[in-house]
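Novice: If you're matching them up, the sequences are chains A and B in order.
Mapping of the first sequence onto our numbering: position 59 corresponds to residue 207, and the numbering continues sequentially without gaps.
Mapping of the second sequence onto our numbering: position 18 corresponds to residue 22, and the numbering continues sequentially without gaps.
Since the hints were made in silico from the structure, they are not lab data.
Ideal Cβ placement from N, Cα and C applies to all residues, glycine included.
Don't take every hint at face value.
Said to hold, decoys possible - Incomplete in silico selection of chain B near chain A, CB under 10 Å: (1) I15; (2) T16; (3) V17; (4) S18; (5) S30; (6) A33; (7) Y36; (8) F38; (9) K106; (10) L107.
The primary structure of each chain is shown beneath.
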Amino acid sequence: DAGVTQSPTHLIKTRGQQVTLRCSPKSGHDTVSWYQQALGQGPQFIFQYYEEEERQRGNFPDRFSGHQFPNYSSELNVNALLLGDSALYLCASSLEGKGETQYFGPGTRLLVL
Amino acid sequence: AQSVTQPDIHITVSEGASLELRCNYSYGATPYLFWYVQSPGQGLQLLLKYFSGDTLVQGIKGFEAEFKRSQSSFNLRKPSVHWSDAAEYFCAVGPMNTGFQKLVFGTGTRLLVSP
């Protein structure tokens, strides 16, 4: 049973560009959350998708957007990249419901030059 | 506002010695509590979680954590550390009263294990 997978593993972009990160949830999971982990920090919640809709969002600008597909996989899009967007982006999947455990993927490391 | 404090940025422990990593949280009510471990260049692996019931919870790899409501703490312990335990450890809280699963993480504690 595959766990949470993310692609690509690493990415280098320049300021102003756009990037798309992808996530496939653990088998049977229907909820996907995205987190940003800056160097030396804990992960910070970006947003969560369930039933193909964003249902909760952290303190991130509209440059960060996402999508969830009918097969529950998800994409994170970041427009107009800034140097400060350089981070490890983590996807977590879970079942919908109170207190369901989130399982994390290995992350995509984004470097913005 | 919800927050998690891990007061120790780095901890060095000798192999075979005991370990305690501290975690304090600020939350409107009793939250769900988690400890995750992150090895270099890796994602997060769940060590253990507290939802309700017995305040001493057992996790994987010989770890345990104790929830103390009066102190708003959820400290992680291990009686005998192995070199492979060297990693970054994150405490996190999540809401108990909704189906939303937004986790709030601490800044992490890096564990170094000396021979």
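Novice: Each hint needs a verdict: does it hold in this structure or not?
Specialist: To see whether the hints hold, each was checked on the structure:
1. I15: violated, 15 Å
2. T16: For T16(B), the interface hint is violated, since the closest Cβ of chain A sits about 18 Å away, which is over 10 Å.
3. V17: violated, 21 Å
4. S18: With a minimum Cβ separation of about 25 Å from chain A (threshold 10 Å), the hint on S18(B) is violated.
5. S30: Given a least distance of 15 Å, the restraint on S30(B) is violated.
6. A33: With Cβ-Cβ at 13 Å, over 10 Å, it is violated.
7. Y36: holds, 5 Å
8. F38: At 8 Å from the nearest chain A Cβ, F38(B) passes the 10 Å test, so the hint holds.
9. K106: holds, 5 Å
10. L107: holds, 6 Å
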